[in-house]
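Respectively, the protein sequence lines represent chains A, B, C and D. For the first sequence, position 232 (counting from the first letter as 1) is numbered 231 according to numbering that gives the first Met the number 0, and the numbering increases by one without interruption. For the second sequence, position 141 (counting from the first letter as 1) is numbered 140 according to numbering that gives the first Met the number 0, and the numbering increases by one without interruption. For the third sequence, position 113 (counting from the first letter as 1) is numbered 112 according to numbering that gives the first Met the number 0, and the numbering increases by one without interruption. For the fourth sequence, position 157 (counting from the first letter as 1) is numbered 156 according to numbering that gives the first Met the number 0, and the numbering increases by one without interruption.
Do not take every clue at face value.
Some chain A residues judged to face chain C by a derived CB distance under 8 Å, without partners named [stated by the list, open to error]:
1) D18
2) G26
3) Q44
4) R48
5) F60
Simulated from the structure, these hints should not be mistaken for lab results. We put the beta carbon where it would ideally sit given N, CA and C, even for glycine.
What follows is each chain in one-letter form.
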Amino acid sequence: MTDYNQDEFLICAVARLLDGVSHVAVGNASPVPGSAALMMREVTQGALRVSMIAGDANNPFTDGGRELFDCAGQGRIEAFFLGGAQIDGQANLNLVGTGEYPHVTKRFPGSFGSAYMYFVVPKVILFRPEHTRRVFVPKVDFISAPGTSAPGVYRPGGPYALVTELCIMMFDKNKKRFTLVSVHPGRTVEEVRDNTGFEFDAPKKVPVTRKPEPERLQLLRAKIGREIAKTYPEFAKRVFGAAV
Amino acid sequence: MTDYNQDEFLICAVARLLDGVSHVAVGNASPVPGSAALMMREVTQGALRVSMIAGDANNPFTDGGRELFDCAGQGRIEAFFLGGAQIDGQANLNLVGTGEYPHVTKRFPGSFGSAYMYFVVPKVILFRPEHTRRVFVPKVDFISAPGTSAPGVYRPGGPYALVTELCIMMFDKNKKRFTLVSVHPGRTVEEVRDNTGFEFDAPKKVPVTRKPEPERLQLLRAKIGREIAKTYPEFAKRVFGAAV
Amino acid sequence: MAFFKDPDALVQDVPNGALLVLPPDYSLVPMAAVRALVRKRITDLHLLFTPIGGLAGDILIGAGCVKTLEAAALSLGEAGPAPRFSDAAQSGAIAIKDSTCPAIHSALQASEKGVPFMPLRGVIGSDVLANRPDWKVIDDPFDPEGGPILLLPAIKPDVALFHAPLADSEGNVWIGKRRELVTMAHASKETLVTVERIQRPSLLDDPTMAAGTLPAMYVSGIAEAKGGCWPLGLPGHYTANLNAIREYALQAKTQAGFDAWLQRNVIDDQGQMAQQQ
Amino acid sequence: MAFFKDPDALVQDVPNGALLVLPPDYSLVPMAAVRALVRKRITDLHLLFTPIGGLAGDILIGAGCVKTLEAAALSLGEAGPAPRFSDAAQSGAIAIKDSTCPAIHSALQASEKGVPFMPLRGVIGSDVLANRPDWKVIDDPFDPEGGPILLLPAIKPDVALFHAPLADSEGNVWIGKRRELVTMAHASKETLVTVERIQRPSLLDDPTMAAGTLPAMYVSGIAEAKGGCWPLGLPGHYTANLNAIREYALQAKTQAGFDAWLQRNVIDDQGQMAQQQ
């Protein structure tokens with residue numbers, strides 16, 4: 000039980016960020032956040048409500064594609080996950096393209112609901128495993144969703160934390176900066192700095208991200224693998240293998 | 000077949016106003032307009048679409064109470080029926096109360112959807128059997144829905160005709176006045192004037208409203224009575240009696 | 000989401016002064032729960048109908064539970080005018096925010112969508128608008144001529160209350176095509192529901208039922224109440240008892256008659272009225 | 000409402016230059032009808048997704064049918080980026096109106112409700128907004144501080160096109176819980192639907208089915224197309240064929256590869272592709 004793979008590690012890291020949350024929604028193509036959410040639902044004995052958008056399993060929505068956004072606008076969704084082809088130090092997200100829009104050099108799928116969810120969901124967790132200077136840039140080429148807003152703009156929501164393959168950062172809305180709070184086992188602060196294109200704060204001594212809790216790892220393999228397989232069968236097979 | 004009752008007469012009078020209409024909606028508590036609409040659907044072999052709001056029969060709406068209004072706002076409803084505790088010569092409707100609002104001397108149920116439907120449905124037929132100076136007043140005490148609007152106000156809809164126990168009037172939007180177009184058999188223009196509190200236009204010689212067409216009367220009794228009974232059983236029993 | 004033993008327990012925590020939203024008489028009216036509200040002697044309600052009221056509204060007004068009423072209309076339908084409402088309007092005993100059907104639908108949709116207002120066509124030039132200082136008319140920013148358009152502020156009820164045919168043990172509620180109930184629940188802080196029955200299997204597991212299901216995340220409390228719409232009807236289950244409603248309309252013509260009716264049918268009844276169906 | 004013999008007949012009158020709205024890949028995508036549009040060599044489409052596009056969009060773009068695209072995103076999901084879309088965006092071959100999911104839902108709801116615009120929270124400060132000269136930000140008239148709020152103009156598509164499991168002989172269409180299709184139909188001038196099958200009894204006569212039914216008054220044309228979503232899935236009927244989609248993603252990496260794929264799977268296919276499921 001002390002052995003774990005990268006996905007299991009990240010699932011447990013994300014799960015801790017959901018501590019105390021009452022309702023988390025999980026968007027499309029989010030197997031790791033989805034597994035973390037389903038695990039925390041189990042850990043909290045259902046005190047955490049999980050609403051998956053993808054597929055029919057654990058998907059409570061019955062009012063069409065708009066319901067996720069309406070629900071978030073009503074203030075009923077406390078946590079959500081976003082990513083970004085580029086993310087900068089002010090937590091601006093680019094999901095559209097690099098280069099000078101509209102003349103993009105590399106086009107990505109598009110902003111999805113980020114330009115809205117980032118404003119209305121209190122705890123948006125940025126999940127972006129690839130930790131490189133290609134992703135974490137000084138300034139995004141296109142702001143799909145801004146990390147912060149001017150005073151007077153309605154904004155109950157925004158960035159909460161960032162989880163990558165190297166570390167966890169938390170976002171400070173007042174300072175408009177990320178703070179490195181832990182580096183994953185075997186990684187170093189230097190490695191994080193080398194691979195991050197923006198400045199961030201860090202304590203003098205940066206803790207190591209906790210390894211997966213054994214009882215959670217067990218739960219994950221025994222039960223959550225089967226549950227996430229309903230939405231992401233290939234992911235479940237790859238990560239939890241024979242256990243599913 | 001030359002004998003007919005008052006309701007049958009009014010049904011046939013209203014039905015003629017639906018000539019050429021493609022979609023009529025029928026609100027609550029409207030058995031005579033509803034019968035006229037269902038009869039015309041039969042006469043036109045379904046070219047007239049009839050959407051009833053009351054009950055489940057002939058009620059196609061599945062998107063909740065708002066759908067009637069959304070549908071009208073989309074321009075999909077060509078004709079609708081309204082009434083009024085008071086109606087004045089500019090076709091203003093009062094469904095709220097007499098006296099100085101909010102200190103009403105006599106309170107009526109309320110404006111329902113009139114303040115909206117009157118603006119967006121091209122042919123609103125005012126159906127108000129009681130033809131008295133109590134109803135047809137010089138000026139309504141409360142405007143639930145105005146008969147006309149200032150230039151610049153979005154208004155594809157408005158009053159089309161008025162059917163009472165005495166006569167039929169058509170409304171002229173430009174002149175903002177009613178014109179008497181026919182008096183019912185046995186009634187006179189003087190009787191209409193005596194019982195109308197507002198001025199209206201009239202041709203020198205006012206025609207008599209056509210009696211029910213025999214083939215329509217037959218259709219009504221043979222088939223429409225049964226159909227309207229699904230929505231208004233007591234009305235159908237009273238008007239079409241044993242035939243239903 | 001919690002299950003309660005009966006309608007009285009379900010509504011016990013609805014506070015005096017709450018903004019309460021109820022369905023129209025053609026929908027799923029929670030009559031048993033409304034009688035429970037009267038029995039708990041709730042007061043100062045701000046009562047909203049989506050968008051027109053009937054028997055439930057007249058009873059709450061007659062019983063002195065209502066401070067303000069917002070509706071597009073209130074009547075007993077085929078049984079005629081609503082006597083306690085008419086009296087209260089004429090005496091000024093309650094404050095009335097006269098509205099029009101789509102304005103209420105849109106104002107609830109504004110809360111559903113988390114926006115501060117919704118535009119609506121029509122209404123301009125009416126005395127409905129003239130008496131609503133909370134509504135605003137602006138020049139349409141998308142109209143080159145700048146024609147006027149009405150904006151309605153969002154309405155966010157404290158409590159939505161309705162009856163439904165079926166719930167499941169997860170708290171999902173089947174409302175069929177009565178989607179004004181979905182919007183009411185989305186727009187409200189709390190939603191309380193009485194149901195004919197509660198089944199174990201999840202409504203969401205059946206794609207046919209899921210299409211007409213309000214998910215549990217919008218539902219605060221559920222209580223079983225067989226005949227919960229009675230004497231109004233529940234399509235597919237029971238029809239309205241027109242005689243009972245006409246009897247009410249007759250009795251309630253005077254406050255004394257209403258009071259006697261209330262004592263007999265609501266206060267003494269202790270929730271048993273519905274069983275008479 | 001008219002019935003057509005197949006998807007090719009159904010779409011025959013969709014004009015070049017139409018504003019066409021399609022569902023997202025998680026809904027009921029009319030792949031058979033999209034192939035029929037390609038076969039009729041439609042051009043200059045203004046293509047809108049409610050709110051994100053996938054395979055259907057990439058094929059229409061690759062086949063040169065699209066002039067402008069409005070969507071919150073376009074990708075092949077698990078099969079990766081949409082290659083023809085990416086190329087067209089990078090080369091500037093199509094004009095793209097980048098949006099965000101709730102903006103498209105709201106703009107369609109504006110048409111559904113017959114209002115000229117709808118407000119939306121968020122979006123302010125984004126480059127999505129900066130690149131949408133058709134959107135307006137006003138001071139919220141209901142906010143005492145006058146904070147800014149976004150207004151989205153109504154979008155009224157010429158044609159909505161989707162696939163559904165079931166229709167009836169009156170032209171009612173069962174869409175289940177996929178209510179974005181209802182809003183698409185309400186908002187559009189014409190709605191064309193392919194279905195797995197057509198039944199005689201009215202869907203509206205069954206209260207359970209009625210809850211998930213789009214009434215015939217919004218439907219212009221229906222054609223039967225078994226496997227009409229294929230190679231995408233139709234929940235409860237067939238799952239997506241991921242291999243076929245991955246094969247497409249691979250072939251379509253170049254325009255030449257796409258052209259060959261199109262010739263083989265769409266042009267030569269004459270509507271038979273779906274039968275392979």
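Closest C-beta approach of A:Q44 to chain C relative to 8 Å, hint status = violated (14 Å)
Regarding the hint that A:R48 lies at the interface with chain C, is the smallest CB-CB distance below 8 Å?
-> OK, holds: A:R48 within 8 Å of chain C, min 6 Å.
Measuring from the C-beta of A:F60 to each C-beta in chain C, is the shortest one below 8 Å?
-> Holds. Min distance 7 Å.
Can the hint on A:D18 be confirmed by a CB-to-CB distance to chain C that is less than 8 Å?
-> violated (20 Å)
Hold the hint about A:G26 up to the distance rule: shortest CB distance to chain C must be less than 8 Å.
-> violated (17 Å)
Figure legend: structure checked against the earlier numbered hints; hints not met, in rising order: 1, 2 and 3.
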